[in-house]
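Colleague: On the provided structure of chain A, position chain B as indicated by the hints.
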Amino acid sequence: MAARVIVIGTGPAGVRAAEALVEAGLRPTVIDEGRRDGGQIYRRQPEGFTRSYETLYGTESARAAALHQSFDALKSRIDYLSETLVWNISANAVHLVSGTSYRTLEFDALIICSGATDRLMPVKGWHYAGTYSLGGAQVALKSQGCSIGSRVVLMGTGPLLYLVAAQYVKAGAAVSAVFDTSTLLQRLSALPKLLAIPAALKKGIALMGVLRKAQVRVYRGVRPLEISGSPEHGVSHVEVALQSGMPFKVACDAVALGYHLRPETQLADLAGCDFSFDDAAQQWLPATDEDGRSSVKGVYLAGDGARIRGADAAERWGRLAALAAMQDGGMKVEGQVALREQLQVFSRFAAGLRAAFPWPARFASMLPDETIVCRCEAITAGELRRVVRETGAKEANRAKAFSRVGMGRCQGRFCAHAGAEVIAAAASVPVASVGRLRGQAPVKPLPVALAEKEEEGATE
Amino acid sequence: MSGRFVRLAETERKTFVITVDGVARQAAEGDTLMVALLTGMRALRDSEFGDGRRAGFCLMGACQDCWVWTADGDRLRACTTPAVAGMSIVTQLASAGEGVWPRG
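Quick mapping for you: the protein sequence lines, in order, are chains A and B. Just so you know, we're using the working numbering here: the first sequence kicks off at 1 and counts up by one. Just so you know, we're using the working numbering here: the second sequence kicks off at 1 and counts up by one.
Hints in this document: simulated from the structure, not taken from any laboratory. Be a bit skeptical, because a hint or two may be false.
Below, a list of computed lysine to aspartate or glutamate pairs in the EDC-like style, where the Cα atoms sit at most 16 Å apart [what the hints assert, rightly or not]:
no.: 1; chain 1: A; residue 1: Lys-170; chain 2: B; residue 2: Asp-51
no.: 2; chain 1: B; residue 1: Lys-14; chain 2: A; residue 2: Glu-47
no.: 3; chain 1: A; residue 1: Lys-124; chain 2: B; residue 2: Asp-51
no.: 4; chain 1: A; residue 1: Lys-444; chain 2: A; residue 2: Glu-83
Chain A with its partners taken away, still in its complex shape (with noise of 0.2 Å):
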């Protein structure tokens, strides 16, 4: 096979994917946006930090120090670009940039291991400073041993707003609350599924234990209903319909959003994968089939940055898309079938949380008028309305085209899957309808001086 093997990304499944192939004595070369390996849930903190792995990540501190310890052993084995970001994909080919420089690698096969994003449904007010995601707030406290604010409260679903409840709790955060949009009944219902793991569920239920030993208020079944605060001042106080339909306001200076996750797709799509409507999990995703292999020939795709499972799902997947390459490429390969068995696993427990914590979908159509969607250029659900309403837009592109809700900075990161359900509440169609943004590339904003160096490099 030809050597020229590239990884995206430094998680669990990017790094799994690169000790396969090295394994097997190919030299891949492995691009990370970040300055440290490990991606974000095992995220190292900077040198000089003194933290334990026990401190910095619980239970999975064995996993983290694992995968680390792999990483740290393939390094001289591979070629390693951190701190590089892949821009875009044409044929066959990456394009880098890191820090002032600019270059372009050529790939036999490709293995993008992207990572997940938190999955986000506006309130009204959440774009005062103080509004973060959850997955922020975690890396506040995991990478720089900070909480975002004096008085936290976390808002959304999912298992990422108990563990980072959990994790606060732990550090000696002030957390003023937790609303839950799922009930009690629905994580009840999913039990069945989410015992394929028993031990994953006996975590869950210890972070509860942790938040109710610390006596936080954890709230289920709410609806929120406004993030207050001010334009200079950011947020003050979080208002929730509670179960019961009561409305209840809490004190604070930061929130924590979130709802589950979401694939970073934007290089599955410049590479040219074909996606499709999951309707499990309520959102378009690249097509792959068991191993990875997606659409595109020599491109494979792995953990949640094709589909969320996990991290532990996340190191196997990325182990067999690395063997899939190497099978196309005419390898001799073997293990798959194990590692196939054991996605089946997460498989089934990845339904379990999305059971457990849906997407509120419903939420989006209840918005006020004047609540912000798209945060990067203040526009609100009133506007993407009337957009639908007086241009007959229906599809995600168009009404884009329109709005410039999708258009800003975040490149639709944020806003594209509450504005899909905006649209499609506003139009009485199925949110499948509505589509799916076009990734575009560059996939994060380039400094001007960056996009005059590549013309000249185009010209020589």
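Modeller: Just chain B now, kept in the frame of chain A:
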């Protein structure tokens, strides 16, 4: 001015000085620029769309809400940029005067 972020751990690190809106402030070794700024103040920039001050959102380089400008007019993403001694950062473009013009 009180900070937005609260330091809970790793508080024994050496500190150094950065300049923020013309005022000298302390940062700690290993701080991202975002943390160095938000442990001493409550926001990073003004929204260009008139909805007030912003203080970042995702902390992992995805949302681009934490952009700040250097006194020379270069744009930095505060959550992924390490704070470095001697940096001069502008969070209030309107009051920074004519010398500062965001380039990108």
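Colleague: Need the list of violated hint numbers for this structure, in ascending order.
Modeller: 1
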